[in-house]
Amino acid sequence: GESVGLHLPTLSVQEGDNSIINCAYSNSASDYFIWYKQESGKGPQFIIDIRSNMDKRQGQRVTVLLNKTVKHLSLQIAATQPGDSAVYFCAENNAGNMLTFGGGTRLMVKP
Amino acid sequence: DAGITQSPRYKITETGRQVTLMCHQTWSHSYMFWYRQDLGHGLRLIYYSAAADITDKGEVPDGYVVSRSKTENFPLTLESATRSQTSVYFCASSRDRVREQYFGPGTRLTVT
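Same order as they appear, the protein sequences are chains B and Y.
Position 63 of the first sequence, counting from 1, maps to 63 under our numbering, and the rest follow consecutively.
Just add 111 to the spot in the second sequence (first one is 1) and you have our numbering.
Chain Y with its partners taken away, still in its complex shape (with noise of 0.2 Å):
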């Protein structure tokens, strides 16, 4: 039972370059999010999903691009990385928006 999962882990990258972070959960749950975790900041919603095809601005979307063609897969691409999207990425899924949601390990990116 891989539950959710996150790749790749540790990614480092230029400025300017197109990056794209991977999000797979096995439980079937119709929501997913995108969070980004920074000191000072906690933990603040990028972007979500409700269900395939359906993705909704969090609170810090600017610079991010989303898509959910299929509800197990929620990847999350940063068109043109800068430095201030240097960051840990968590991806949760949820079976509603008012339930308790489930966090991926991570991924730890780094835009030199």
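Chain B with its partners taken away, still in its complex shape (with noise of 0.2 Å):
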């Protein structure tokens, strides 16, 4: 993921619905991958990690999918609810390295 600038890309959905949320990496030798969510005036939070030797990993409600063709990576969240309204952003770790963090997309859940 690279950084947007000022306004992070935002994504609302309404509550229930289901909500893909996507990072572009940038170093096709990453080999680990995390999902992190920052709601407001608090510290980043682990959510779910993924090693280049997987594709998919499912967690209580959120699965992460790796696609190493295109580097891409996407977040899938279930039944968003209220509570889920955050800002979500990967991290990637290249060959030990340490992390690298993308700028993040907002999450909006309407009720």
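Treat the hints loosely; a few may be bogus.
[Stated by the list, open to error] Here are some chain Y residues pointing at chain B (derived, C-beta under 8 Å):
hint: 1; residue: 153
hint: 2; residue: 154
hint: 3; residue: 159
hint: 4; residue: 163
hint: 5; residue: 169
hint: 6; residue: 201
[Stated by the list, open to error] Incomplete in silico selection of chain B near chain Y, CB under 8 Å:
hint: 7; residue: 13
hint: 8; residue: 16
hint: 9; residue: 46
hint: 10; residue: 49
hint: 11; residue: 50
hint: 12; residue: 93
hint: 13; residue: 101
hint: 14; residue: 103
What the hints contain is simulated information worked out from the structure, not anything from laboratory work.
For glycine and all other residues, C-beta sits at the position ideal for the given N, C-alpha and C.
With the hints as a guide, bring the two chains together.
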């Protein structure tokens, strides 16, 4: 994910719908990816991770999909709830180096 | 189980003053990190530490100093604060460099 300047891309969904948040990562050698959730005024919170030897991983209400061919990562949230409203960003790790964080997407859940 | 804590949560200081932000973790994680978060830049790594007495520069280390005399603490000092250091600062810890990092609640620093 790249920084997107002052205005984060925003995804607005209806409560109960599924959400899909996308992330394009930069380094084809990256072998570990993480999704974080950051609520207003709080620190980033770990959601789920995936290694490059997998293309899908599921957690509670969340699924991460990895497409290495096009360097794309997505986070799917099932039955989105108001408490899911936050900024979501991905992070990538390249062969043991430091994590590189994307700029984030703001998810807004409409009641 | 406190996890990772930061203090103070909010700080206003004047240009030229020295400021120290504190970070404490209770997990005995080897790695600790300091990031700053600004609009338009996302999270940028300032310094990190692999263990007590081992620290390394990150992406934006200028104007900052760190120390790690104990595994659980990783203070960040701004030796002479500048307005460009107004930001939200996050501390994080991890079992190792390639695993997920756990973040503290952040310190909002304003330099006037």
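Structure-based check of each hint:
| no. | hint | verdict |
| --- | --- | --- |
| 1 | 153 | 5 Å, holds |
| 2 | 154 | 4 Å, holds |
| 3 | 159 | 7 Å, holds |
| 4 | 163 | 19 Å, violated |
| 5 | 169 | 7 Å, holds |
| 6 | 201 | 5 Å, holds |
| 7 | 13 | 23 Å, violated |
| 8 | 16 | 29 Å, violated |
| 9 | 46 | 5 Å, holds |
| 10 | 49 | 6 Å, holds |
| 11 | 50 | 11 Å, violated |
| 12 | 93 | 5 Å, holds |
| 13 | 101 | 4 Å, holds |
| 14 | 103 | 5 Å, holds |
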